[in-house]
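Chains A and B are the protein sequences, given in the same order.
Residues in the first sequence are numbered from 1 upward in steps of one, following our numbering.
Residues in the second sequence are numbered from 1 upward in steps of one, following our numbering.
Hints were generated in silico from the structure; no laboratory data involved.
Take these hints with a grain of salt, some might be off.
One copy or two, either will do: identical chains are not told apart, so a pair holds if it fits within one copy or between any two.
[Stated by the list, open to error] With a cut-off of at most 30 Å between alpha-carbon atoms, the simulated DSS-like pairs for lysine-lysine come out as follows:
no., residue 1, residue 2
1, LYS198, LYS118
2, LYS93, LYS143
3, LYS68, LYS217
4, LYS214, LYS44
5, LYS118, LYS228
Residue strings, one per chain:
There are 2 protein chains.
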Amino acid sequence: MKSYGPLISILAVIFLAGTCAAMFSEKDNKAETGKQSKVLDEIKKSLGARSILPVPVWVIGSYDKEGKPNVMTSAWVGICCSKPPCVTISLRKATYTFGNIMERKAFSVNIPSESFAKEVAYFGSASGRDVNKFSKTGLTPVKSDLVDAPYIKEFPIVIECKLLQTLELGSHTMFIGEIMDVKANKSILGGDGLPDIKKLRPFVYAPGSSNFYKTGKYLGKVPALAKKINK
Amino acid sequence: MKSYGPLISILAVIFLAGTCAAMFSEKDNKAETGKQSKVLDEIKKSLGARSILPVPVWVIGSYDKEGKPNVMTSAWVGICCSKPPCVTISLRKATYTFGNIMERKAFSVNIPSESFAKEVAYFGSASGRDVNKFSKTGLTPVKSDLVDAPYIKEFPIVIECKLLQTLELGSHTMFIGEIMDVKANKSILGGDGLPDIKKLRPFVYAPGSSNFYKTGKYLGKVPALAKKINK
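Use the sequences and the hints to build the structure in full.
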């Protein structure tokens with residue numbers, strides 16, 4: 001007859017470890033719930049009228065009068081319409097890109113992966129008036145066939161936009177661009193043929209701290225999450 | 001004289017472990033670089049004119065004619081000006097919130113933490129015409145002192161906005177709101193008194209797949225990243 005002593009010992013250790021882990025996990029959950037309740041009751045502090053929300057990071061491509069391609073980083077951006085599909089980007093008049101878009105009536109939106117964080121930071125801190133940002137970073141401008149603007153070959157998703165209208169808001173002018181096409185590297189597409197955020201790995205910007213943060217884990221699918229409330 | 005045998009053994013193990021880790025790390029880096037080069041040379045695939053970029057998730061608060069508070073989720077949003085600080089949100093005319101904002105000339109923007117993912121998904125799938133979304137979720141509307149709109153007490157950051165102007169774009173109408181105040185729970189503020197994204201834990205939306213994704217790890221500070229190029 002075989003001795004089951006060692007096997008029983010191993011199983012006992014696994015069982016004990018599991019029990020301990022569950023106990024700690026429960027303790028953590030309780031702590032979390034306690035913390036959450038405290039947060040829910042918290043009185044809010046006024047921070048004043050400021051634009052300090054986490055926002056996406058886009059790189060805007062444009063040509064100047066002489067046809068020199070330029071790129072700048074903007075975080076005052078967003079999707080603003082589904083039909084026609086439109087985006088909005090807001091720029092200061094002092095930027096080189098402002099004059100370029102006014103002249104060429106077109107721009108590209110280039111979505112960076114986290115591997116391009118330093119290029120994106122640089123594109124937001126230097127001016128196309130002083131330097132050729134493509135030469136400086138070694139990235140490649142590609143002339144769009146659809147609009148009068150260049151896009152960045154190496155970025156995983158690029159959007160070609162035709163300027164629809166501008167709107168003066170104060171420190172910034174809003175440009176509304178109609179999306180003429182979205183082009184993406186096949187390597188960042190999911191099984192459904194759409195960009196897969198886990199492969200794209202975009203990042204967000206926290207104004208104020210000037211920090212970039214990566215995209216994190218999957219949190220859930222909207223219809224399934226909504227069902228948890230609407231049951 | 002003391003015996004250093006055990007100490008030397010421990011140091012040897014640490015050294016060996018470090019060397020192995022470095023070797024694996026280098027191997028990983030090489031693999032990553034190889035992959036990256038392949039990606040850089042990739043030909044882009046056209047996905048057509050679509051609004052399929054990862055975007056932030058905001059919950060818009062408003063009152064209807066009778067003063068019933070309502071909330072809806074929107075991802076066609078963004079910051080659009082620094083002075084005055086303004087946000088833009090785009091809504092379909094069919095939404096209950098559309099009529100509310102037209103009537104009250106005000107709205108709130110409520111930034112959710114990931115712990116509110118199911119409420120946020122629900123707010124985007126039900127209509128305030130049919131249900132009271134506050135009652136359904138147990139969240140608490142707070143009347144703003146500054147604008148004619150409610151905000152969500154339990155959400156970590158809320159922004160009170162006065163409607164500045166609207167713009168017809170097609171399927172969506174753009175609302176531009178001036179930020180009158182940002183209010184935040186102290187528990188999500190960093191040492192600099194500004195929202196700390198690691199404490200706030202906002203999430204992003206991937207249109208198309210309808211997935212929510214968490215905010216991930218710190219990627220870097222913009223000036224420091226830019227210096228790596230601009231040296």
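Comparing the hints with the structure gives:
1. Taking the shortest Cα distances, LYS198 and LYS118 sit within 30 Å of each other both inside one copy (20 Å) and across copies (21 Å).
2. Only within a single protomer do LYS93 and LYS143 lie at most 30 Å apart by alpha-carbon distance; the minimum there is 24 Å, versus 37 Å between protomers.
3. For the homomeric pair LYS68 and LYS217, neither the shortest alpha-carbon distance inside one copy (39 Å) nor that between copies (36 Å) is at most 30 Å.
4. Within a single copy, LYS214 and LYS44 get their C-alpha atoms as close as 27 Å, and across copies as close as 24 Å, so both meet the 30 Å cut-off.
5. Taking the shortest Cα distances, LYS118 and LYS228 sit within 30 Å of each other only across copies (7 Å), while inside one copy they are farther apart (41 Å).
In terms of the numbered hints stated before, the structure departs from hint 3 and from no other.
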